[in-house]
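Which chain is which? The protein sequence lines are X and S, in order.
Counting in the working numbering, the final residue of the first sequence is number 608, and the numbers go up one at a time with none missing.
Counting in the working numbering, the final residue of the second sequence is number 64, and the numbers go up one at a time with none missing.
Errors might be hidden in some of the hints.
[As the list claims (entries may be wrong)] Listed next, the in silico DSS-like pairs over lysine-lysine satisfying Cα-Cα at most 27 Å (straight line): (1) X:Lys479 to S:Lys8; (2) X:Lys498 to S:Lys58; (3) X:Lys326 to S:Lys8; (4) X:Lys520 to X:Lys534.
[Stated by the list, open to error] Listed below are several chain X residues computed to face chain S (Cβ distance under 10 Å; list not exhaustive): (5) Met469; (6) Met470; (7) Phe475; (8) Glu486; (9) Leu597.
Hints were generated in silico from the structure; no laboratory data involved.
Note that the coordinates shown come from a computational prediction; the quantities given were computed from them, not determined experimentally.
Don't be surprised by glycine CBs; every beta carbon is placed ideally from N, CA and C.
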Amino acid sequence: MIEISSIPNIPPALIYFAGAALLPLLGKGKARKIYLLILAALGLIGVALLRPQTTWDFSVIPGFELTFLHADSLSLIMGYIFALIGGAAILYSIEIVKENGEFVCGLLYLGSALGAVFAGDFFTLYIFWEIMAFSSLGLIWYSRTERATNAGMRYILFHLFGGCALLGGIIIHYINTGSIAVGPIEPGIGYVLLLIGIGVNTAFIPLHTWLPDSYPKATIAGAVFMSVYTTKTGVYVLARTFSGVEAVAYMGGVMCLYGVVFALMQNDVRKLLSYHIVSQVGYMVAGVGIGTYIGINGGIAHVFNHILYKALLFMCMGAVIYATGKNNLTELGGLAKKMPVTMITCVIAAFSISGVIGFNGYISKGMVIHATSLKGMPILELALILGSIGTFLSFLKLTYFTFFRKNEEIEAKEAPLSMLVPMSVTAFLCVALGVYPKMLYGILPYPEEAFHYHAYGLGHAIGTLELLMMTALVFFILKFAISPHERVTRDIDYIYRKAGRGFIWFCEQPLVTVANFIDKGLLRITDAFVWFSKNPTVASRIMVLMVGAVVTRPFNPTYMRYERDLEELRRLYPGEVPRMAIGTGVLLALIFFTLYLVVYLTHGLLWV
Amino acid sequence: MNIETVLKGLMVGVVIVLVVSVVFIKHHDHFLGFHILYGAIGAGFFLLATRILSVIQKEGRQDD
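With the rest of the complex left out, here is chain X (with noise of 0.2 Å):
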C-alpha cells in the first residue's frame, strides 16, 4: 500500500505546465481527449496530495531563495477549487475547442494560477503573475475577430501597468525589508505601488475596465477559464497582503454597487456575467478588507463559492452562444424547452449568485454582510445587501429573457454531453456547499471560527427570504424597466479612450514638431562645425569679416567692393588646408592628453 506522506510535494504549476508542453505533440483525435482527461485527474491528485505546512526551496544565490511551493489553509483552499474548475473547464472545452493552441494557453493560464497561489515569495508571485497575463491573452486572441485582437490589446497594457506596479512595489519591499515572503506590507509608495498592481488583477474601481471589455470577446471555452483565475489570484494576494485594511473594504462597497449596476444595464450577456464578476470580487474585498476571523473566511468561502456558479454562469452562457449563435438578451428567449439541462443549470447557478437560501452564495455571502455587522460598518452592510438585490434582479433579467420569454423564431438544440456533465456537476456542487456547508467550513483558513457561525438562523433566513421576495415581485411588475436594449453602454474606459487618443494626437502632432525643429537645429549647428574644422584659420577669417561687413555697411562707401572679395573668399573656401606630418599630430595629440592627466592629477590631489 502507498503511503501518502511518502509521495513527494510538487508544485501544481509542473504538472500544468509540462502538460501544456507535450499537448502539441498529440494531434487533434481521440487521443488529445484523453491525455486531457488524464491530466485534469492528475492536477487534481497533485493538488489534493499537498501536505499542509510544505514548502519547496529553489536557491537562486546564496542568501536568495524563491520559493516554489508554500502550502498552509489559505493555499490550499484556492488550489482546491482552482484545480476541481480547471477540470471542469477542460472537460467542458474539450468538443468545442479545436485548435491545440488554446488548450495550451487555458493549462498554462491555470498552471501559473495555481503558480502564483502557491508562490512563498514576492518574486515566484510575479513570475507567475506575469504567465497568467501573456497564457490569458491567448483565450481572447484564439476568437481570431478583430474586436477580440483589440480588446486583447487594451486587457494586456493593463495588465503590464499591473505588472510593473506591482513589481515597483515588490522591489521597494525587498529594499526597505529585505524580505520577499508574501505577506503584509509596511506604508509607503511600495505600499500603493502593490495595492494598484494587485488592483488591476482585483478589478478595483477604476482599474475594472479591462474585465467587461475583454471577458465577453474571449473563445467560449477561453471565458470559463477567465471567469475563474485572474480575479481570485488578486483576491488572495490581498487577503495575504492587505487583511484588515478599511479602505480595501470600502472598495468592496464600491465594486459591489457598481458592478451591478453596470451588470443591470447590458444587453450582451457575458458582458452582464463580466459586471458581476466586479460586483462579486467586491464581497470578497469586503471580507478581506474587514480583516476580522468571520470577514476573511467569509470572503475566502465567498472566493470558493463563487468560482463554482460564476464558471457555471459561463459555461450555460457559452452553451446558449454555441447552440444559437447569438450572445444578446434581446436576440434570445424561449430557450426553457430546447435547452433543459442548461436552463436548470442556470438558473442553478442564478439563484446561487443571488444567495437564495440553500444555494451556496448564501452561506459565504452572508457571512461577509455579518462581518459587517459585527465589525460596526453599517454603510458597507447597507451597500452589501443593496448589492445582493441588485444582483437577483439582473439575474431574474438574464434568465427569463435568455430562457422564459417567447420566442418562437430561436433555432437550438441541446449542448452536447461533454459540456452537460461538467455543468451538471458544477451546479450539483452549488447546491451541496448550500444545503451542507460544513463541508465548506472545515476547509476554511479559520475552520474554528466558521463552524461557530450559522448560516441558517432564523432571523436571516426569514430576512433573506423577505428580501429576494420583495425583488421578484418588484422585476415581474417593472420588467419593462429593466428589459435589454441595443444600446451602447460607456463606462469609464470611455475616458481612458479618449485620453488615449489625446495622448497619440499629441505624440504625433506638436510632440513630432517640435522634434523636427530641435532636429534641423542640430543639424545646422553639426553642419556650422564640420564647415569651420576644414579650415578653422581661413572660416575664423570669412566669420570676422562677415562680422566687420555687417557693423560697416552704413559708414562705408566701398562696401560693395568689400562684400565682392568676401563673397570671393567664401567661394574659394576651404582653400589650400595646411597639412601637418602625422608625428605632429601624434605630438599634439600626446600635448593634450598629458594637459588632461595633469589636470585630473591635480585636481584629484587637490580634491583630497
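Following the hints, complete the assembly by docking chain S onto the known chain X.
Relative to the frame of chain X, chain S by itself:
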C-alpha cells in the same frame, strides 16, 4: 422640464433613499417586516440608478 432638472431630482431622490436606508439598517430590529420594505427600496434604487445611467448610453449595438 429639461434633462438636467430631472437628473438633479433623481439624484436627490437617491441620496434620500440611501440616508433612510442607513438609518433603517442601523435600527432594523425595531421594524417589523424590515426586509420586505428594504427589498422594495433596493429594487427601486436600482431601477432609478439604471434610469439615471441610461443617459450615458448611446443607441447602437454593443461593440468596442
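Hint-by-hint comparison with the structure:
1. X:Lys479 to S:Lys8: 25 Å, holds
2. X:Lys498 to S:Lys58: Within the cut-off at roughly 16 Å; holds.
3. X:Lys326 to S:Lys8: 38 Å, violated
4. X:Lys520 to X:Lys534: With a Cα-Cα distance of about 21 Å, the restraint between lysine 520 (chain X) and lysine 534 (chain X) holds, given a limit of 27 Å.
5. Met469: 7 Å, holds
6. Met470: Holds, about 3 Å.
7. Phe475: 7 Å, holds
8. Glu486: 6 Å, holds
9. Leu597: This interface hint is violated because 65 Å lies over the 10 Å limit.
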